[in-house]
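Asks: These protein sequences, in sequence, are chains A and B.
Taking this note's numbering, the leading residue of the first sequence gets 421, the next gets one more, and so forth.
Taking this note's numbering, the leading residue of the second sequence gets 2, the next gets one more, and so forth.
Hints in this document: simulated from the structure, not taken from any laboratory.
Values in this document were obtained by computation on a predicted structure and should not be read as measured data.
All the pointers check out, no bait thrown in.
Listed next, the in silico SDA-like pairs over lysine to any residue satisfying Cα-Cα at most 20 Å (straight line): (1) K177/B x Y496/A; (2) K177/B x P578/A; (3) K193/B x F561/A; (4) K229/B x G130/B; (5) K667/A x G130/B; (6) K498/A x K87/B; (7) K118/B x P578/A; (8) K193/B x F575/A; (9) K667/A x G135/B; (10) K193/B x D674/A; (11) K192/B x A570/A; (12) K193/B x L562/A; (13) K177/B x E499/A; (14) K667/A x N139/B; (15) K498/A x Q131/B; (16) K667/A x T138/B; (17) K177/B x D674/A; (18) K192/B x F561/A; (19) K498/A x R134/B; (20) K95/B x P691/A; (21) K498/A x N176/B; (22) K87/B x E499/A; (23) K75/B x G688/A; (24) K177/B x L511/A; (25) K193/B x A572/A; (26) K87/B x H696/A; (27) K177/B x P669/A; (28) K177/B x V489/A; (29) K667/A x P149/B; (30) K177/B x I507/A; (31) K498/A x G130/B; (32) K193/B x H576/A; (33) K87/B x D695/A; (34) K87/B x N492/A; (35) K118/B x H576/A; (36) K177/B x P493/A; (37) K498/A x A89/B.
Spelled out, the chains give:
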Amino acid sequence: MPNSISKGPSLSIPNRIRRWRQFQDRFIHRFFQINGMLSILILLGIFLLLLFDGFPAVKNLGLSSFFSVIWNPTSYVKETYGLGAMIISTLMVTFGAMLLAVPIGLGCAAYLAEVAPSWVREILKPVIEILAGIPSVVLGFLGIVVVGPAIARIFHLPNGLNAVNGSLLLAVMSLPTIISISEDAISSVPRSYKEASLALGATRWQTLIKVVVPSALSGIIASIMLGMGRAIGETMTVLMATGNALKMPYHFFDAVRTMTATIAIELGEVPFGSDHYHGLFVVGFILFVMTFIVNLVADIVLAKYQEVER
Amino acid sequence: MKKLLITSIISLCLIILLVPSLVFSATFIQVKGSDTEVNLVQRLAEVFMKKNANYSIAVTGGGSGTGIAAIINKTTDLCNASRPMKDAEIAQAKANKVNPVGVIFAVDGLSLTINPKNTVKALTIDQIGQIFRGELTNWKQAGGPDIPITLYGRQPNSGTFVFFREVVVRGDYSNKMNQMNGNAQILEAVKKDAGGIGYVGIGYVVDDTGKVVSGIQVCDVAKDSRSKPFSPLKIENILNGAYPLTRPLYQYLDANNRVKVEAFVKFELSPEGLAIIQKEGFYPLTDQWKKHNAQLNF
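Only chain A is shown next, with the shape it has when bound in the complex (with noise of 0.2 Å):
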């Protein structure tokens, strides 16, 4: 027995337990893996339904059908299958959202990053997280109550559902996630940057311009994508607020109908099979690249961030 205390306490474990041990060590291994794997095997089973459910509108209408203007499966007279005016108006809703959203979201972020005292720090933080709960729906709500009324008043329109409307609610939507990224990203900037250009003669103001922002700017840009890809996606809201006109909008103070709000309200009670139904995957597919495209570029741009930071 004594020789078995000078071999180590690791031989005391029976073989038994040892297996048990490495079997449990493979398993939460796999099953860690499989987590991480669900998420890509998810996202290739969307993109492959929308590709398969869109397909056989394409092929039965055609695919010059969708590149028309207006998008009228329901028609009295003649289904029109346009995507153009969706895309346009998703579009429209989408940079008016980032034209506001952009210049408050830095600002504040550099606000938080820079300038604010750490007790305002604690209160603003949490505060803005609060922000990105609010429920669509909510605003959507607002948008028809207080907004609306309120864009009509102030531009002398007879009714405020239109695309100023929207981009202003989406704004508030995409806020949040533009706020903390950049605040990261503004943060975590060395120390020493902004030490070597205030020793150079730089005011606070022209340390953050021209030394700190600069230097966060890949993941500013990405917070900006990711923003983005907020608003395109944006339902709820953009469906209450925005008047869902058929019409091509031509300014922003048209209504608009974008392509997430024509899916929701359609596809609730369109025949399961019909040229429509299919063409709404197309309409699906469509954003659904969309969204790709941005959140991609969002990744690429945040990947190269974090490259310089290395």
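With chain A held as given, fit chain B onto it using these hints.
Replies: Same frame as chain A, now just chain B:
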């Protein structure tokens, strides 16, 4: 200790899952569809449930199209529809082994609402069609003030959208029409828009006392330029069919599933149900519609 904990958690879960089904063996009825009918049926269901404790009824909206799709796919027991089912839809239901039966339980005078600032008091069906097709774009073309017309309609999943298009517009709606998410949204928009016009079920324009809700006015409608315009607010105009946009409100059930919903539907058709229907602003059935129901044994 750990085993005890796990056992107790599992048994607790089982209790939570099983007990309700044993204790409350209520009949659960799902009602889905028309946004025009949703408040009315909700009210009917509340009163019915108060009298019959063993029934549990859930009423949701979403539009007649959504409700009809749901009854075809067997995801609802009753479907509120403000339009009859199309032949294609009935064929689809039959293919899915559903036998849809449409009971008429109330009558609606589809109302054209405009802003109180508008001086137009009456329109012909023809004019309304022109307005909603986008051929008239200013109220002065219809004898009103010099204000551009803003159109507020519903979305394609709405039965009212389909009914109004078939009866009045007889063509495609103007692409400029705002497609609103429900009757209430149309009303809110018209209240705030001096040039607005929108169509909503009569139940939405009158309050509990039968008066028109504040902030809107209801247009009288004439069949054509030679006939007299009639208001949907007067019951006699609906009952004698003088108001041109009088329409029946349907409730579809699956004949194979009739036993489950029969008591509720019969309650809606009873004098007590009728009182609620009229209190909500809708109208009673005429003999024509009663005959329709009698053929279905309701």
